[in-house]
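Using the hints provided, position chains B and C relative to the given structure of chain A.
So the sequences go chain by chain: A, B and C.
Numbered per this note's numbering, the first sequence spans residues 5 to 143.
Numbered per this note's numbering, the second sequence spans residues 5 to 143.
Numbered per this note's numbering, the third sequence spans residues 5 to 143.
Derived by calculation from the structure, the hints in this document are not laboratory data.
For each residue, glycine too, the CB sits at the ideal point set by N, CA and C.
Take the hints with a grain of salt, since some may be wrong.
Stated by the list, open to error - Per label pair, the in silico range of CB-to-CB distance:
# : chain 1 : residue 1 : chain 2 : residue 2 : range
1 : B       : Glu143    : A       : Cys113    : 22 to 32 Å
2 : C       : Ala86     : B       : Cys113    : 38 to 48 Å
3 : A       : Asn35     : B       : Thr80     : 33 to 43 Å
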Amino acid sequence: MPVHTTSLELATRGNSEITDITQEVAEELANSPIQTGLLTVFVPGSTGGVITLECEPGLVRDLEEAFERWAPSSKTYHHDRAWADGNGHSHVRASLVGPSLSVPFKDRCMTLGTWQQLAFVDFDTRPRKRVLILQLVGE
Amino acid sequence: MPVHTTSLELATRGNSEITDITQEVAEELANSPIQTGLLTVFVPGSTGGVITLECEPGLVRDLEEAFERWAPSSKTYHHDRAWADGNGHSHVRASLVGPSLSVPFKDRCMTLGTWQQLAFVDFDTRPRKRVLILQLVGE
Amino acid sequence: MPVHTTSLELATRGNSEITDITQEVAEELANSPIQTGLLTVFVPGSTGGVITLECEPGLVRDLEEAFERWAPSSKTYHHDRAWADGNGHSHVRASLVGPSLSVPFKDRCMTLGTWQQLAFVDFDTRPRKRVLILQLVGE
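Bound conformation, chain A alone:
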């Protein structure tokens, strides 16, 4: 069976919160009918992104500060003038970081490095229920 598509549900707090999803994705992979191939995590939405990082508290803060430098939350955005939902910076950050990340796997294990975790970043400005798409293509 060459394609297997599932989803992952998350409760997030927003404001560029970084959620480590490595364990949840690894468990889906361990139980999948596909042994070797390419795994894609995809965010169906325009205020979230997927990254890899060494997921320790110091770096998490560094990334939150970097997102703030790249698209300051204090700036006035044209998006907010039209929609007044105050999350223009969330959209800009999400489009920069990207909604999609693909990781090769072998024997139902991702080829991540030892200090490399897979994480979802919720750039929106409020708590949300998120559903990520997880798709395996392979054999």
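Structure of chains B and C alone, referenced to chain A:
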């Protein structure tokens, strides 16, 4: 048939113009021999990128301003000293944003969010004819 | 055979050094059992990234300067306070650029543009031996 490769032709104006390609890609997908799998849009060139965004005029302006902050067009680039084509900032932006985006699909529909569109960004400084690669891998 | 996974070894110097890997990847592809499909280069580690660029010396310098603007090496990072390895900026840059890049291929040739090369960026602060994952999915 597990792989299907086509292309998409666009006439663009450049200067970080954002072109919504969701409809064109969805039509290619609707007519493809593959029902479920992974769709990749790839830019064969070094001055274009692929993103997702909520494609409304306010956010489009916000993103154009963000690209200008990240790699100002007014700056002097080493690339321009060598080639004198004045698009050093175009190359830097394109390498940051990336030429490739992969989206899972099911029943010939991309798993995009409701307010999430797929777009090509032409960072070059002049109108161009662009050919994007569209590839489906699946079953 | 729909999946083929190999690796690519590189000796890198770090400090955002950009290494053109187009030729090595093209050779692996030319000898692969898969003719058409999607090629993914993945960095198993949290201080490296994969990009495409017009790989000429001027643009290489422009990108190194852009990385320095986006996450200055002179800044103090929370990551460094905890681990004292002085590579906080390396981690931030790597998470921004991303560890994964997927390129469609046909007849064992990548669909790259004429002036578009595939490159590994080593953001770490010291010379390293790197092993990149190269995976082909297709037919």
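*Do the beta carbons of alanine 86 of chain C and cysteine 113 of chain B sit within 38 to 48 Å of each other?*
holds, 44 Å
*So the hint says 33 to 43 Å: do the beta-carbon atoms of asparagine 35 of chain A and threonine 80 of chain B match that?*
At roughly 55 Å between Cβ atoms, threonine 80 of chain B and asparagine 35 of chain A fall outside 33 to 43 Å, so the hint is violated.
*At the C-beta level, are glutamate 143 of chain B and cysteine 113 of chain A separated by a distance inside 22 to 32 Å?*
holds, 23 Å
In this structure, the one hint that does not hold is number 3.
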